[in-house]
Structures are given as C-alpha cells and as structure tokens.
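K.L.:
Here is what each chain is made of, one letter per residue.
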Amino acid sequence: MNAVEGRRLHKAYGDLVAVDHIDFDVRQQECFGFLGPNGAGKTTTMKMIYGLAAVGDGDLRVLGLDARTQRREVKARLGVVPQEANLDWDLTVRENLVQQALYYGASTDGRVDELLALAQLSQRGESKPRELSGGMQRRMLIARALINEPELMVLDEPTTGLDPQARLAVWDLLDGLKSEGVTLILTTHYMEEAERICDRLAIMDHGKIVASGTPAELLERHEQPTLEGVFIEITGRGLRE
Amino acid sequence: MRIPAPSPRMAYRVWRRDLRVFSKLWKGALLPTFLDPVLYLLAMGFGLGTYLASINGIPYKDFIASGLVASAAMWATAFETTFNVYFRMNEYKLYDNVLSTPVEVEDLVAGEVAWACTRALIYGTVFLLIVGLFGLIHSPWAVITPLFVVIGSACFAAIGLSFTTIVGKVDYFTYFYTLFVTPMFLFSGIFYPLDRLPQWTHVIAWFTPLYHLVLITRGLILGPDALSVLGNTLWLVAVTAALFSVPVIYMRRRLVP
Chain A
1 MNAVEGRRLH KAYGDLVAVD HIDFDVRQQE CFGFLGPNGA GKTTTMKMIY GLAAVGDGDL
61 RVLGLDARTQ RREVKARLGV VPQEANLDWD LTVRENLVQQ ALYYGASTDG RVDELLALAQ
121 LSQRGESKPR ELSGGMQRRM LIARALINEP ELMVLDEPTT GLDPQARLAV WDLLDGLKSE
181 GVTLILTTHY MEEAERICDR LAIMDHGKIV ASGTPAELLE RHEQPTLEGV FIEITGRGLR
241 E
Chain B
1 MRIPAPSPRM AYRVWRRDLR VFSKLWKGAL LPTFLDPVLY LLAMGFGLGT YLASINGIPY
61 KDFIASGLVA SAAMWATAFE TTFNVYFRMN EYKLYDNVLS TPVEVEDLVA GEVAWACTRA
121 LIYGTVFLLI VGLFGLIHSP WAVITPLFVV IGSACFAAIG LSFTTIVGKV DYFTYFYTLF
181 VTPMFLFSGI FYPLDRLPQW THVIAWFTPL YHLVLITRGL ILGPDALSVL GNTLWLVAVT
241 AALFSVPVIY MRRRLVP
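Taken in sequence, the protein lines are chains A and B.
By my numbering, the letter at position 57 of the first sequence is numbered 57, and the numbering carries on one by one without gaps.
By my numbering, the letter at position 236 of the second sequence is numbered 236, and the numbering carries on one by one without gaps.
Simulated from the structure, these hints should not be mistaken for lab results.
Remember, it's a predicted structure, so these values are computed and weren't measured experimentally.
The beta carbon of each residue, even a glycine, is placed where N, CA and C say it ideally should be.
One or more hints might be untrue.
Claimed, not checked - Covered stretches of chain B (in silico footprint by chain A; criterion: 3 or more residues with CB under 8 Å from a CB of chain A, positions within the stretch not fixed):
id	stretch
1	20–26
2	85–98
3	182–196
If we strip away everything but chain B, and leave its shape as in the complex, we get (with noise of 0.2 Å):
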C-alpha cells in the first residue's frame, strides 16, 4: 500500500508541540532517565569490569561504555514511542485533535520519530559526555557519533510505533519489552562480544537495530572502520525506510477509520 509522503512543515509542527512539553518537564520528572545508563556503567564496568580482563585488548569499562551510548539511544526511543505515543493516542485524544487540523497521519508519524530520535540525542549524547568525562573515549570520530544515535533511533522509533499502533493496548507493551528490547538490550554486544556464541546468535543479532548501532558507536568511540560504519548505517537506513509505512498504515486505521 502507497502511502503519501509526509510534509516536513506539518511534522515539524507535531515534533514542536513534543519539545513544547518536554522543556518543561525534564528538569523533574525526566532527569533520573539520564542516569540510567551511568549506574549501568558504573556497575558493570566500573564494579564488574575489575574482575574481567579486557575484551579484545580493550578495558572492560570502555568495552562497555560505547556500547551503553547506543541502548541509552535505544530506552529513550522505545519509551516514547510505546507508553507517551500510547498515552497520546488512546487516553488523551491528543491526536484526534491533531487530526482535525491540516496535519495527516503521516505528518504525524514523521513528527513523533523525529521528537523520539530528538529525546534520544538528548540522552545518548549526554551519556556520550559522562563517558568521555570518564576518559572512555579514544577516537576523535566519537564527535559524530549523535548523528548515527539518531540515525538508529529512527529505526527503534519505526519499530516503537508499529508496535504501538498494531497492538494498541497498554496491557500487552511488557511483551514488547521482555521479548524484544530487553533481550536486544543482553545480546547486542553491549557487555560482551559475540564472537565465542554459537552461531545463530550472530543471525539473530543481526537482525536486530541495536546490534548494528552497537557496531557503529563502540566504532567510532574507539577507533572506527569506516566500512563497518557505512555498512551498520546502511542497515539502519534501508530498516527505517521499509518500516515508515507500518504505523502510518495502522495508525489511520485506528485514528481515521
């Protein structure tokens, strides 16, 4: 099914309203959101990582960390797009109102990945900051590495919304999180490589968003390889754009029936 192209002026106003909301709100109820991935590092790498010899000549602690930016990147996506789009959408009747006005569902859809991959270049560049305040970072290419947290969050957001438009009830979102993010969050490489698994996890992995933009993040923050980054990106990429049409889809199936 052909969906119509979104208009970057009406998502723009979609994404506004959510930054509208959110500088107000981060200050208090946003900001515990933000240690999340430190006290990951904290305890896995600054705790465990003392008992661990290095991964690949690499500390533990800087093994860890550059993969932590990518999943911080991955929570921040999958909680606004599953529980505040939800809550948007269904409690609120925000969007019926959004709907009503020039804005059409795929403005809408375009305007709430962009404010997704916003909050998670929020988050994953200020946990990039705490890692490169803890001297983790070793390549200069680790200033580009927000452009590529966002390029991954719009895949995690496509993913977010299918799900959240597909499924629609509040009750079924801890199998999105027990089934896929959390396990994404375990086998993606972030604490430990693959490589001394079996086989099929690599396929599965590779399946997965968050371990291609695991490839690319500990990449560039450590020392980067310049086709795995292009090829990671392309993943990313061409995941996003085969998934757009799903929530837009469903969404105003749901929404403009």
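The shape of chain A in the complex, shown without the other chains (with noise of 0.2 Å):
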C-alpha cells in the first residue's frame, strides 16, 4: 500500500483550478517533494492531504482511507507543518505541545520533554512562541506535529524564510524522521532542499504534475546538470507574480 495515492485529484475554487486532475503515488517510508512556482497547486495539495480543504473531484487515499470521507481518522495519524506558524500565541511553548497533545488524546507522558530536546528547544520550553526566532518556531511547528508520532507528515515549504543554518537545523531533523521510517510529503521551491532530502519528486504548474521521478532521473531525462535547470526548463522563465 502506497501511504498517500491521489487519482484524477481535482480542485477548484469558484473558476480558478487550483489542482488539475493529478495522479501520484507517495510511497511508505519515502521522502516526496512536489516541487513548483507560486500558486501551482502545491499548498493546495497538500492542504486535501491533511485535511484543510476538501477534496474536489477525483480520489485521494491517504494511509489506505479515504481522504473524503474519513477525516478525522486520517488526521489522527498525521503530523502536519503549516507554512505559516500558527502556533498558539497565548500559551508557553510547553503548554503547545501539552495542548496539541490534548487534541489527539495523545499522552504526553515524557514526550513533551523528549520533543523539546529533539527541536533543541529544552530551555525554552517556558516562553512564548513570540519570543523565538523564526528558526525556533520552525522547529517547535515540526516538534508539534511530531506529538502524535505520525506515519506521516505533511510540511508545507518547511524551511522557507529561514536562514542557513537554521535550515540545516531542519534538514537535519527531517533525515532524522526520515532514517526512523516516517513518510515524508513536502513542498519547496528550493531546488538544492529537493536534492539534499527528496527521494522522488513531483514538479507541479498550473495545477498539473508536468514532471516526476527521482532527481538523477529528472536530471537525466531533461539532460541538465542541476535540478534549476530541469525546472526552468519545464516551469519557463516567466515571473509568476
């Protein structure tokens, strides 16, 4: 069984097509990346995956359920990190992950502190999120999402806004994730973040998948020498603004 399995998958707001009748497969224990300039379906995608819009027409399996019709069941085994951080601004960091606990009817035996080390946050566990760097916060958002101990997570451009170090920070807690068996599914328009953590990958315009496979393969196939070069080559030069 695939973990995530989209088939003729369409979305459509009104009269603007957001996601185009898409077909693809994410893999268990995979790292997937759909990959593609602003407003190509990505965050819309994602967003049917875990639950924030409804799916439109077509199927979308998610874990082996069906995304439509058992939401809340496929919530309850997903991690999910939002692009913005939507943390809850009025509680210690500590108590965020408390509550996310909450949520899922999660314990939060033990985890709450093991999450904290992992996020390299244990001394802050008393402030507010505000008082964190976007870093940190990036990290408490994947430490959140991880309270469940998801299948699969689901992050939505996760480094994005973040500073090289801080970006390694984050890769480094992906591979993590990734070598202890958990499905990865994340957008990016970081072609060297695709390569670095992407097993496969999915370059999304217009709200079609106009290219997938592995970056040696796309690399190949489209006999360029880095990653940009596939992309520019398929998305255009066009500024999408």
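Mind docking these for me? Both chains are given alone in their own frames, and the hints should help you get the complex.
P.N.:
In structure tokens form, the structure reads like this:
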C-alpha cells in the first residue's frame, strides 16, 4: 500500500482551478517533494491531504483511508507542519505541546520533554512562541507535529524564510525522521533542498504535475546539470507574481 | 444542509484550550470586565434609582440588578464569540491547526459555544453574588439562575458565532454592537418594563434572546413564575438549536473550503 494515492485529483475554487486532475503516489517511508512556482497548486494538494481543503473531484487515499469520508481518522495519523507558524501565542512552548497532545488524545508522559529536546528547545519550554526566532518557531512546529507519533508528516515549505544554519537544523530533523521510517511529503521551491532530502519529486505548474521521478532521473531525462535547470526548462522563465 | 453531530470529547478539547488561556489571563486583563455591571448597578440603581419610585412594587435597584445578571452574561458571550473568535480564526490561524488534528468544524463550534457559556457563567455568577451582597435577592430560586445564564448564553454564542463566521471582517463588528447588542441591552426590559411602550416594541423585544433571559433571571431572583421561566427557556433552546448549524456551515466554508 502506498502512503498517499491521488487519482484524477481535482480542486477548483469557483472558476479558479487550483489542482487539475493529478495522479501521484507517495510510497511508504520515502520523502516525496512537490516542487513548483507560487500558485502551482502545491499547497492545495497538501491541504487536501491533511484535511484543510475538501477533496474536489477524483480520489485521494491517505494511509489506506478515504480522505473524503474518513477525514478524522486520517488526521489522527498525520503530522502537519503548515507554511504559516500558527502556534498558540497565548500559551508557552510547553503548553503548546501539551494542548496539541490533548487535541489528539495522545499521552504527554515524557513525550513533551523528548520533543523539546529534539527541537533543541529544552531551555525554552516556558517561553512564549513570540519570543522565539523564526528557526526556533519552525522547529517547534515540527516538534508539535510529532506529538501523536505520526506515520506520515506533511510539511508545507518547511524552510522558507530561514537562514542557512536554521535550514540545516530542519534538514537534520527531517533526516532523523526519515531514518525512523516516517513518510515525509513536503513542498519547496528550493532546488537544493529537493535534491538533498527528497527521494522522489513531482514538479507542478498550473495545477498539473508536469514531471516526476527521482532527482537523478529528472536530471538525466532533461539533460540538465542541475535541478534548477530542469525546473526552469519545464516551467519557463516567466515571473509568477 | 445537514451537519454531523459534534463529538463531546473533541469539543471538550477545544474548550480546555480556552480555559487554559483564561486561567492565565483573568487576574490581569479580564478583571475590569467583572466591574462593568457593578458600575451600571451603582450608577443606575443606586444613583438614578433614588429619584424613581418603585416599578410594579419593586424598588428600582432591585429591578435592574436582576436584569443586569442577564446582560453581564450577554456581554461576556458577545465579546468572546466576536472579537476573540475572530482573532483565533483569522489573525492567529489557531483554528487551522486545530482542524488539522482529529477535531472537526462542528466540534470546534461546539467547543467555542461551550467556552462562551462558561465565561458567561463565571461573569454572571460573580455578578449574582455581588447582587446578593447588596441584599437585592428576594427568592431562594436565585441559586439556579446560573443554569439559565448558561442556556441564554448558548443562544448569544450561536448568534455571535454566526455573525463572526458570516461577516469575517473585524471592521464590521461595530455594526453588531451598535445595531444589535447595545439596542438589546437598552430595550430588553433591564432598565424599565416594556408595559407602557407601544405594542410593536414588545414584538421586537420578543424576537431578541436578552428579553427572554431577563424575564428568567428577574423571575428567579425576585420570585419566579414557573410557566414564564419554562416558556422563555424553551424560546432560548429552540433558537440555539435552530442556529447552531449556521456557524458550522460558514466556518467550514472559510477554513475547509
């Protein structure tokens, strides 16, 4: 069984087609990346997987469950790192994790300290999230997403806006999760990131998947020395603003 | 449109978060809110009231104190379900996170209604105790007033959440207060009985939840008429039940499009 299967998956908001009949599989325990310019449909695809957008047309199976009808069951087994740091700003770092555990009905015994250590935030448990740097907030989001020991992590632009050191720290965290057998799906527009941590990629543009494969396959198929070259060749040079 | 029934377990988790935050903030930021109805009682009841004869044989301060218990609950619920919910939903994106967990929209709405009722219960009960300290309670039935404060608040919460989820722009919230909450406060029979006003004012008042809650709290505090308490309670329960699906539908449209 694949971790995620999209079949003719489609999503429109009014006249705007965000995701246009895409087919994709995410295998168990791999790191799968959606690449694409802004507005390509990456985030909408991710939101359908983690239940923040209703599935429009087609089929979406997540961990063997129907994302349309078994949303609660799907969400119970996912970890979600959104693009925006939607932390609970009124609670401390530690309380954020305790409350997140409650949303899942998960145990907090030792788990909160363990996650604080993993995110290198052990000293900041009593801080308010606002007092943390961008990199710390991002690590906290990842720690929060792990509270229910998810089988599948969905990360929407996990390193956007971070400095190189903070990005490395996030990559190390994701490497660790991968080696523990957690399936990862992420979106990014950093080619270096895609090459460094993704086993397989799908390049999206205008709501469609326009290319997919391992980074090596994509380089070979498009006869480009870098993924950046592949990306520009496929999606063009025009600005997407 | 049919909506799924909320899960009490999930709604509790949403409610628990609000309690967690409240228990940290109430001593500082929220304390002044407790004083609001007390100021009205002092200014109107003990100030203006000394110039007025009694109303239907009830001293003026006793008359308004029993009504202010209802409005204390209304104000608490209105702020909670407009500004506070707005910030959680639109500014802090808190609900995006909550809805990425096993909590669904109907659970979230139920949890927020429950929390708004809890807050109204706290504010209403504290004010009821103050009314008691002033010696303005005349019936032992007053002890069950908090229960009805909760029932009335659920109705206010359903209306407030409907407004917030439909309108969704903080700039328009003043309309809610100027055109709905404040008129209710002034014209629901808290400060004077509606008896001598034209018939149409009664009709309008009958359609507002505060009018019914005032009749209940005044009854219980001054000497209840069981049939009136029952009738007004039924009104509040029916309107709450009818409105509950509105914020669920509109919040889903906003957050899980």
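K.L.:
If a hint holds in the structure, say so; if it doesn't, say that too.
P.N.:
Here is what the structure says about each hint:
Taking a C-beta to C-beta cut-off of 8 Å, the stretch 20–26 of chain B contributes 4 residues in contact with chain A, enough for the three needed, and the coverage statement holds. For a cut-off of 8 Å, the count of residues in the stretch 85–98 of chain B with a CB near a CB of chain A stands at 6, and the three-residue condition holds. Counting residues of the stretch 182–196 of chain B whose CB lies closer than 8 Å to any CB of chain A gives 0, which falls below the minimum of 3, so the coverage claim is violated.
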